[in-house]
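Same order as they appear, the protein sequences are chains A and B.
Counting from 1, position 30 in the first sequence corresponds to residue 249 in our numbering; the numbering is continuous, with no gaps.
Counting from 1, position 33 in the second sequence corresponds to residue 391 in our numbering; the numbering is continuous, with no gaps.
Heads up, some of the hints might be wrong.
[Claimed, not checked] The calculated lysine to any residue pairs, modelled on SDA-like cross-linking and capped at a C-alpha distance of 20 angstroms, are:
no., chain 1, residue 1, chain 2, residue 2
1, A, 318, A, 267
2, A, 318, B, 412
3, A, 318, B, 369
4, A, 255, A, 279
5, B, 429, B, 386
6, A, 318, A, 264
7, A, 318, B, 459
8, A, 289, A, 260
9, A, 275, A, 329
10, A, 275, B, 457
11, A, 255, B, 423
12, A, 255, B, 434
13, A, 318, B, 423
14, B, 369, B, 396
15, A, 318, B, 434
These aren't lab readings, by the way, just hints derived from the structure by calculation.
Please read all numbers here as calculations on a predicted model, not as lab measurements.
Residue strings, one per chain:
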Amino acid sequence: GEDVEQSLFLSVREGDSSVINCTYTDSSSTYLYWYKQEPGAGLQLLTYIFSNMDMKQDQRLTVLLNKKDKHLSLRIADTQTGDSAIYFCAESTYSSASKIIFGSGTRLSIRP
Amino acid sequence: DTGVSQDPRHKITKRGQNVTFRCDPISEHNRLYWYRQTLGQGPEFLTYFQNEAQLEKSRLLSDRFSAERPKGSFSTLEIQRTEQGDSAMYLCASSTDRAVEQYFGPGTRLTVT
Numbered sequence: 220g221e222d223v224e225q226s227l228f229l230s231v232r233e234g235d236s237s238v239i240n241c242t243y244t245d246s247s248s249t250y251l252y253w254y255k256q257e258p259g260a261g262l263q264l265l266t267y268i269f270s271n272m273d274m275k276q277d278q279r280l281t282v283l284l285n286k287k288d289k290h291l292s293l294r295i296a297d298t299q300t301g302d303s304a305i306y307f308c309a310e311s312t313y314s315s316a317s318k319i320i321f322g323s324g325t326r327l328s329i330r331p
Numbered sequence: 359d360t361g362v363s364q365d366p367r368h369k370i371t372k373r374g375q376n377v378t379f380r381c382d383p384i385s386e387h388n389r390l391y392w393y394r395q396t397l398g399q400g401p402e403f404l405t406y407f408q409n410e411a412q413l414e415k416s417r418l419l420s421d422r423f424s425a426e427r428p429k430g431s432f433s434t435l436e437i438q439r440t441e442q443g444d445s446a447m448y449l450c451a452s453s454t455d456r457a458v459e460q461y462f463g464p465g466t467r468l469t470v471t
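Construct the complete structure from the given sequences, taking the supplied hints into account.
The following block contains the structure:
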């Protein structure tokens with residue numbers, strides 16, 4: 220079946236790196252996403268990775284994919300207070316790219 | 359381009375009433391999606407349209423829910439005989455054909471009292 224799991228909370232010090240982890244169960248997952256949701260705002264697509272890639276880097280964001288273990292991570296370098304939000308891991312398959320399956324979200328809080 | 363817009367942003371209704379939400383996608387996007395998000399959870403897929411055709415519906419979409427996209431542009435989601443369990447954020451997203459990225463609107467928060 221389809222399931223995406225992630226830890227509920229993460230607290231990091233400002234300036235440190237944040238690493239948010241996610242596991243998924245669907246071996247046919249083709250696209251894996253990270254979305255950000257700030258209070259009162261919609262979901263913002265941060266980045267996505269194809270399942271045939273191991274890593275993708277975009278400015279302060281680094282996505283790592285371990286397809287064998289079905290593990291996805293998002294690293295945010297030099298975490299800032301503006302990074303405080305809920306981060307959702309999500310996946311879709313090639314055959315049903317219309318339907319994105321989301322995890323429950325990880326709430327990232329930043330300590331001064 | 360102003361992005362995906364949804365109206366209203368908030369709706370409070372009494373149990374048993376009908377409600378209708380509207381979504382306007384990004385203008386050149388021919389795919390439109392509806393999701394529901396309850397407190398502390400990620401969004402759950404409800405249905406999607408390719409132009410005016412509704413191509414997939416989740417089992418979450420009970421008979422009280424109906425979605426339309428009559429001209430392939432904006433879409434409406436109607437909930438009949440609302441129940442307290444319908445209280446949630448209803449999110450709309452749009453994309454181009456077979457695009458990986460879906461762009462989300464700000465959502466309509468429904469509270470059923």
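Now the hints, each set against the structure:
no.	hint	in the structure
1	A:318 with A:267	holds, 15 angstroms
2	A:318 with B:412	holds, 13 angstroms
3	A:318 with B:369	violated, 26 angstroms
4	A:255 with A:279	holds, 14 angstroms
5	B:429 with B:386	holds, 13 angstroms
6	A:318 with A:264	holds, 15 angstroms
7	A:318 with B:459	holds, 11 angstroms
8	A:289 with A:260	violated, 29 angstroms
9	A:275 with A:329	violated, 24 angstroms
10	A:275 with B:457	holds, 18 angstroms
11	A:255 with B:423	violated, 28 angstroms
12	A:255 with B:434	violated, 25 angstroms
13	A:318 with B:423	holds, 18 angstroms
14	B:369 with B:396	holds, 15 angstroms
15	A:318 with B:434	holds, 19 angstroms
Checked against the numbered hints listed earlier, the structure breaks hints 3, 8, 9, 11 and 12; every other hint is satisfied.
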